[in-house]
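Start from chain A and add chain B according to the hints.
Protein chains: 2
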Amino acid sequence: MRELIFEGRILRLELEDGRWEIVRHADAVAVVARDEAGRVLGVWQQRPAVGGRTWELPAGLIDDGESPAQAAARELAEETGLAGTLSPLTRFYASPGFCDELVHLFVADDLRPEHGASPDDGEVVEIEWRDPASTWHEIATGALATSGVTVLGLRHVLAGGVLDGADAQRP
Amino acid sequence: MRELIFEGRILRLELEDGRWEIVRHADAVAVVARDEAGRVLGVWQQRPAVGGRTWELPAGLIDDGESPAQAAARELAEETGLAGTLSPLTRFYASPGFCDELVHLFVADDLRPEHGASPDDGEVVEIEWRDPASTWHEIATGALATSGVTVLGLRHVLAGGVLDGADAQRP
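As given, the protein sequences belong to chains A and B, one line each in that order.
Going by my numbering, the first residue of the first sequence is number 1, and it counts up by one from there.
Going by my numbering, the first residue of the second sequence is number 1001, and it counts up by one from there.
Excised from the complex, chain A in its bound form (with noise of 0.2 Å):
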């Protein structure tokens, strides 16, 4: 028994059988990806939700209708301009107390000038590529907020690099 206790523009709230507060909100993905010089791509937000800024991985909600692929994909070429050649490393649920959100992580290689992307309407995005060792270190601190999907990101990279990570480890 579900009772819908509100609806919004990015998340619906229910509760189910009285008691579990629980939270529908669309699938994510996320993007990492390195230059030449090892450093992670990032971008800076204004975080309404945790009250200040935040450097994450490339990283949005997929739309109806889309792959988790053409959703990193376009999430990579809004906020950066830049397009790559995906491939999907995981996914898991952000918080699965509570939500339903399903976060999926795409390593970007082969990255170039993607022609034609331009931002969302109205969000504003400022790039920063980042050395994973430092910003590591600052997030452990606390001296820089981000995301989840971004701390695994960099714990990826860290690990010896993109492509000859766990991932490679299968049994």
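No wet-lab data here; the hints were simulated from the structure.
Since the model is a prediction, treat every value here as computed from it, not as a measurement.
Don't take each hint at face value.
[Said to hold, decoys possible] Using C-beta positions, here's what the derived DEER-type ranges look like: (1) Gly1160/B with Ala37/A: 20 to 28 Å; (2) Gly142/A with Asp1109/B: 16 to 24 Å; (3) His115/A with Arg1053/B: 40 to 48 Å; (4) Asp110/A with Gln1046/B: 41 to 49 Å; (5) Gly1160/B with Gly18/A: 27 to 35 Å.
[To be verified] From chain A, some residues computed to sit far from chain B (all C-beta separations above 10 Å): (6) Ala37; (7) Thr54; (8) Leu86.
[What the hints assert, rightly or not] Rough simulated footprint, nothing fancy, chain B against chain A, three-plus residues with beta-carbon under 8 Å: (9) 2 to 10; (10) 19 to 29; (11) 73 to 85; (12) 89 to 98; (13) 148 to 155.
Backbone N, C-alpha and C fix where the C-beta goes; we use that ideal spot for every residue, glycine too.
Chain B only, in chain A's frame:
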């Protein structure tokens, strides 16, 4: 200008400036621990929000007045009956586009039984130690559902161990 839409047991929904749908949620902790065989400690949970079972690192919400480290020790004991030496690894927002939940990830060493531990009221958890490489593969292919902090913990372990990971690579 913030409008309160709903106040529940584990979350509060607000509308900011009539536009931003924001979920206020307690901060959380999770613990990554390995046994001598290199397997990672996790618990099976029924998650109504995602409509199924997940295998996740021991985790939970920080209670009022608790530090993150205290909450991590409590959750580890309640969910697994174990105690350990806890070290903070990193922290991140689970989904900063709409929610303020901050997640603190700890590494546990020197695991030992925690006498007197008892599960939360109504909490049913089943422990399973899993091989990190095969678990990573199951998650990546969608065969196993989990949380973002679990994937991060696995990636950290797969990077060569809990203690000699990227946290030692500080510039």
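Q.
Holds or violated: the 41 to 49 Å window for the beta-carbon distance between Asp110/A and Gln1046/B?
A. 42 Å, holds
(Q) If I take the minimum Cβ distance from Thr54/A to any residue of chain B, is it greater than 10 Å? (A) 5 Å, violated
Q) Taking the minimum C-beta separation from Ala37/A to chain B, is that value above 10 Å? A) Non-interface label on Ala37/A holds, nearest chain B Cβ at 14 Å vs cutoff 10 Å.
Q | Minimum Cβ distance from Leu86/A to chain B greater than 10 Å, as the annotation requires | A | 14 Å, holds
Q: State, for the Cβ atoms of Gly1160/B and Ala37/A, whether the hinted interval 20 to 28 Å holds or is violated.
A: 23 Å, holds
**Q.** Arg1053/B and His115/A - C-beta distance against the hinted 40 to 48 Å
**A.** Once the Cβ atoms are compared, 45 Å apart, the range 40 to 48 Å for Arg1053/B and His115/A holds.
Q) Using the C-beta atoms of Gly1160/B and Gly18/A, is the stated range 27 to 35 Å upheld? A) 47 Å, violated
Q.
Quick check: do three or more residues in the region 89 to 98 of chain A have a beta carbon closer than 8 Å to a beta carbon of chain B?
A. It holds: at least three residues are needed, and the region 89 to 98 of chain A offers 10 whose Cβ sits within less than 8 Å of chain B.
Q | Cβ contact check, 8 Å cutoff: the region 73 to 85 of chain A against chain B, three residues minimum | A | Coverage by chain B is violated here, the residue count being 0 at a Cβ distance below 8 Å.
Q. Are there at least three residues in the region 19 to 29 of chain A whose beta carbon sits under 8 Å from a beta carbon of chain B?
A. The restraint on the region 19 to 29 of chain A holds, since 7 of its residues have a Cβ under 8 Å from chain B and three suffice.
Q) Would you say the region 2 to 10 of chain A counts as covered by chain B, given the rule of at least 3 residues with C-beta under 8 Å? A) That given contact holds, which follows from 5 residues of the region 2 to 10 of chain A lying within Cβ reach (below 8 Å) of chain B.
Q.
So is the region 148 to 155 of chain A in contact with chain B by the C-beta rule, three or more residues under 8 Å, or is the coverage claim wrong?
A. Three-residue rule met by the region 148 to 155 of chain A, so holds; n is 7.
Violated hints for the displayed structure, listed by number in ascending order: 5, 7 and 11.
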